[in-house]
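Chemist: With chain A held as given, fit chain B onto it using these hints.
Protein sequences appear in the order of chains A and B. Per this note's numbering, the very first residue in the first sequence carries number 8; after that it's consecutive. Per this note's numbering, the very first residue in the second sequence carries number 8; after that it's consecutive.
Worth double-checking, as some hints may not be accurate.
Heads up, the list lumps identical chains together, so a pair's fine if it works in one copy or across two of them.
Stated by the list, open to error - Mimicking BS3-like on lysine-lysine, the simulated pairs with C-alpha atoms at most 30 Å apart in a straight line are:
#1 K154 / K234
#2 K195 / K222
#3 K222 / K234
#4 K154 / K123
#5 K234 / K123
#6 K222 / K154
Don't read these hints as lab results, they were simulated from the structure.
One-letter residues, chain by chain:
There are 2 protein chains.
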Amino acid sequence: MSTIAIVGATGAVGQEMLECLDQRNFHFEKLVLLASARSAGKTIQFQGKELIIEELTKDSFQGIDIALFSAGGGISREFAPIAAAAGAVVIDNSSAFRMDADVPLIVPEINGELAKSTPRNIIANPNCTTIVSLMALAPLHRAFGLKAVIASSYQAVSGSGAQGIIELDEQAHAYAKGEPITPRIYSKQIFSNAIPLIGNVTENGYTDEEMKLTKEGAKILGMDSLKASITCVRVPVMRSHSVTMTAQFERPASVDAARAAIEAFDGVQVMDDPQNGVFPSPLDVTNGDDCMVGRIRPSLVLENALDLWVVGDQVRKGAALNAVQIAELLV
Amino acid sequence: MSTIAIVGATGAVGQEMLECLDQRNFHFEKLVLLASARSAGKTIQFQGKELIIEELTKDSFQGIDIALFSAGGGISREFAPIAAAAGAVVIDNSSAFRMDADVPLIVPEINGELAKSTPRNIIANPNCTTIVSLMALAPLHRAFGLKAVIASSYQAVSGSGAQGIIELDEQAHAYAKGEPITPRIYSKQIFSNAIPLIGNVTENGYTDEEMKLTKEGAKILGMDSLKASITCVRVPVMRSHSVTMTAQFERPASVDAARAAIEAFDGVQVMDDPQNGVFPSPLDVTNGDDCMVGRIRPSLVLENALDLWVVGDQVRKGAALNAVQIAELLV
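Isolated chain A, as found in the complex (with noise of 0.2 Å):
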């Protein structure tokens, strides 16, 4: 029986953590909810108790064993090794610490093994696009030997957090009252829109958000690296990311053998059969466990290549479920 902290507790993630850790019935001694100071003393309801969310301060940690964070990188940065140091766990859903060399990158069902060996007590929760479009690859990757992958993100904008689902909210209210709508955390209106820009600019054109999937990918996958390519997009969807990928593999891939790969997977179904209307969209996925695969289909421009699609609920496995699932490994 663990004690266990959540960090960011009343963000989107952390919100969701606290539904994963109840419907999986994860056995705690205590859950320490902690937020920022302007948060501090407001109550969560949780499994029939009143839970008071407390300060972070460098003190939070003494008795904990497993600190969830989800507060973005600069408060991970600053308390996570405070966290470790009082001997907790870390297990970071921000990017902080995901490219270190000892800090294991998991997601359970591809490298959860790596969580028995944490030398600075820390593990990182990848990146939400990366995660689900592992879960399509890894099994693929498995079947056949990956050797490079061409993508396209469809994001939801629970990706930019709880003011993200609040833009985008809004934005729909003020059309349908006919109001004018003015962007905020966007850089333009995301209602009815699509925004081909998450996150910074790097020296090669590609943003740090698109990188993410080509080191993250080849870290989780244990490869020395991943020929990627990917374009993220926000689009106004709430909260479960898609993404379109031409996987190209060392071996011939038929779509048979992919179907049967990402079957047999843990964490990730096939949905796939278009001509009688059968496909995963993210509504399909929104609230679930597991990401669902679609539109399998040898790629018409590159050999042993197939394309698909896969979709997965943002908030959930690409971050809030990714975390409590290694937390299980942990106790």
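Modeler: This is chain B only, laid out in the frame that chain A set:
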């Protein structure tokens, strides 16, 4: 001075054709508006005059010089040959004749010279996603020699006609009122969702909509064949299509040379300074004539290849404007 007929004058594209004729000061002697018996007798205001919609019959085309068709493939298959036999040049927005060898398939900026020879008196207007994609690809093909394209689309509901726009509008209103959302023309909810299936599935697993880029693309670019894979996805955007592409070329293609080639081409603009927040979104091109290209960067996967993003108004350059531009080549 010509006599013009519009078949499908009450549809979303028919209405936009009227807009384009007006805005571009298209000179004509007489304008005949044709539609189904259901719409016959209704009036449309145009350039200060009241035009009465006439019922489309086999006798509608006497004395017509140019007939713009946008009433679906069935109407085109039945009435385009009748109009052509009556002496009109048909510009057909449906897919009925696009791949016929003796029917030119025209994007005026790319292959407008083909309008000079119309053996069957029929010219086909290409698929909307194909037009938008090719407005970026054609200048790059001329500069570097196109070899292959891997693409994903973000297609607006206007591509389903007026009913698509009504469906997203109704669902946005229902969402704002907290009412249940029931899909009508789409198989799943489109508000806050993405639907990765447009058109009918063909033998190779791609839809007929997806194969249009491959087939129509090759014909318009004058290539024997085009290696192209696209996943076509409907997104909750009102009326502009976006496409991500990885385009591979015969010869090295630098980002600067690509930008210069696109800038020098009519009908398409570069909007590409993402570090300063400059990139095109669907709303940026809505109600505009030009397509816009951004996020141009070297592919991280394929050699001599660029990743990019192109947007274009589906109703306008994707349909009505392109048809009116073809008409301009005929007078």
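Chemist: Hints first: check each against the structure and report whether it holds.
Modeler: Outcome of the hint check:
Both within a single protomer and between protomers do K154 and K234 lie at most 30 Å apart by alpha-carbon distance, with minima of 7 Å and 20 Å respectively. With identical chains, the CA atoms of K195 and K222 are at most 30 Å apart within one copy only, with a shortest distance of 28 Å there and 35 Å across copies. With identical chains, the CA atoms of K222 and K234 are at most 30 Å apart both within one copy (9 Å) and between copies (29 Å). For a Cα distance limit of 30 Å, the shortest separation of K154 from K123 inside one copy, 28 Å, qualifies, whereas the shortest one across copies, 47 Å, does not.
Only within a single protomer do K234 and K123 lie at most 30 Å apart by alpha-carbon distance; the minimum there is 29 Å, versus 46 Å between protomers. In this assembly of identical chains, the alpha carbons of K222 and K154 lie at most 30 Å apart whether taken from the same copy (14 Å) or from different copies (28 Å).
Comparing the model with each earlier hint shows no violations; every hint is respected.
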